[in-house]
Amino acid sequence: MTDILLQVRHLHKTYRQRTGTLGLHAHTIHALDDVSLQLKQGSTLAVVGESGSGKSTLARGILRLLPLDSGEVIFDGQDFLALDKSALRTARRHIQMVFQDPFASLNPRMRVGEIIAEGLVIHGIGNTQQQHDSVVQMLEKVGLQADDASKYPHQFSGGQRQRIGIARALILQPKLLICDEPVSALDVSVQAQILLLLKQLQQEMGLSYLFITHDLRVVRHIADEVLVMQKGKVIEQGSVETIYNAPQQKYTQQLLSAIPGHGLRAITA
Amino acid sequence: MTEILRIHQLSISPAQSPERKLVNQVSLTLARGKTTCIVGESGSGKSLTALSVMKLLSPQLRMQGQVFFQGQDIGQLNETAMQHLRGRQMGMIFQEPMTSLNPVLTIGFQIGEPLQTHLGLKGQALKQKVAALLEQVGIDPTRADSYPDELSGGQRQRVMIAMSIACEPVLLIADEPTTALDVTVQAQVLRLLDDLKNRLQMAMLFITHDFGVVADIADEVIVMFRGEIVESGSVMQVLQSPQHPYTRALLACVPDAEGKKVLQPMTYDWLTPA
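Here the protein sequences come in this chain order: A and B.
Mind the numbering: the first sequence is residues 1 to 269 in our numbering, read in order.
Mind the numbering: the second sequence is residues 270 to 543 in our numbering, read in order.
Excised from the complex, chain A in its bound form (with noise of 0.2 Å):
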């Protein structure tokens, strides 16, 4: 079983919500609802589902980012819900996470070196004089320059920005990469770019993806295993092949037809 790094199991999660008159009356919503997943070294898996299918929740609840109910999230063969705060810290290390929004997930007033060095000055891992060549190797390393070190976020276009936070995801050498919707505020044409450089790096580094998205057009070109989420639960799970060219369930089968530029496929076919 040494080649399953991420494995989770009937993760649940529920949200109480108020509702009716002065908020007196409240109802349950199950964010995640059995959730189970497995999650092969070195592949990419790709978590699918429309906005409130709890794909993001799904991710963060494995981080520990937000309190789950109950389930197991065994990660590098440990069992990551039980670490204590200061095992959690250290564990973290190798679970990174790239965010939706460029704009937002950089802090406008850090020069772009300092957020990419920060996660080793937390973990202390080397002097100045390493950290600061590990962020110029990692920004090279991302399509970006030595001296873009030292200039802030505002300084950069969306595409380069979302560099920066893979940049600070990887510095630590992770053995996971979340990545939450990564190129959905994305041109199409950086798009391509961005998902090129994901590829590129997990074959340099050996990394692993969970790859959260509601774009099944750019699941195809960078998933190995799809797992389709509704409301909570998810309905189907499998290889891209099977999922594409044989999807089980209605809603999968509703999310495909859902794709843009059906007539694109008959015009260039």
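Misleading hints may appear alongside valid ones.
As the list claims (entries may be wrong) - Simulated pairs of lysine-lysine, DSS-like, Cα-Cα distance not exceeding 25 Å:
no. : chain 1 : residue 1 : chain 2 : residue 2
1   : A       : K40       : A       : K151
2   : A       : K40       : B       : K290
3   : A       : K175      : A       : K40
4   : B       : K303      : A       : K199
5   : A       : K85       : A       : K175
6   : A       : K175      : A       : K199
7   : B       : K324      : B       : K290
8   : A       : K141      : A       : K85
9   : B       : K324      : A       : K250
10  : A       : K231      : A       : K250
11  : B       : K303      : B       : K324
12  : B       : K290      : A       : K199
Simulated from the structure, these hints should not be mistaken for lab results.
Nothing here was measured: the structure is a model prediction, and the numbers come from that model.
Since the structure of chain A is provided, determine the placement of chain B on it from the hints.
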């Protein structure tokens, strides 16, 4: 074929530096019942072109060239005359439904506003028209008293569409109306826009960066790059046999659902001739 909109050699520059062309010599025509898509990356000038049709450009920008709306040069019109056109004859849908709706007014009031202003509707007649519009865009008319934050992103965009078509404009400008939406909701909104365009026989100017969307909705395509039109033609022409290297590069970026295509990063090699 009735011509609704004609843009003739439109150029836009910052007032401070007139030699910098944000939009350079753009010309296009748009007929009743047809959809023209302007495709380009951010910064290509596609939104500026759309805004200039409504004379909504920032005062810090200078516009040259002419825009004819139903044969009339809008450059000759004063602000009052433009206000009679906007919302009445020309509708516009913006990208962010969250920021373009007023959070403290009900959606019913906001949809009714152009009807009051332009058509003088009030009371029961206004209510009925608002209800009919909500129904037309697929929202339960009883939700007229809801506030924008009580609606989902797709519903908000439907409200924006209801507002923009309230007075049955002859021209509808949609600036990336589905970019902020989920794929399934995007498909619904695109279908809705196409339906409404056919039913009301509007001319639609549709702005997007996604060629997948273009293929689904356009009759004519205009590809813009750094303020200039690099290619234009019918959707078949442009998608089937793109002539300009930029169009080809932009098409190569669009991921396909079959995964057959090898994604190509955007290249600008063609800018420097060998």
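Evaluation of the provided hints:
1. A:K40 / A:K151: violated, 37 Å
2. A:K40 / B:K290: violated, 51 Å
3. A:K175 / A:K40: Judged against 25 Å, a Cα distance of about 11 Å means the pair holds.
4. B:K303 / A:K199: Outside the cut-off at roughly 40 Å; violated.
5. A:K85 / A:K175: holds, 20 Å
6. A:K175 / A:K199: With Cα atoms ~15 Å apart, K175 (chain A) and K199 (chain A) stay inside 25 Å; holds.
7. B:K324 / B:K290: holds, 18 Å
8. A:K141 / A:K85: Not satisfied, since the Cα-Cα distance of roughly 32 Å exceeds 25 Å.
9. B:K324 / A:K250: Answer violated: K324 (chain B) to K250 (chain A) is near 46 Å, above 25 Å.
10. A:K231 / A:K250: holds, 14 Å
11. B:K303 / B:K324: Cα-Cα ~22 Å, so holds.
12. B:K290 / A:K199: Answer violated: K290 (chain B) to K199 (chain A) is near 37 Å, above 25 Å.
Violated hints, in rising order: 1, 2, 4, 8, 9, 12; the structure is consistent with all others.
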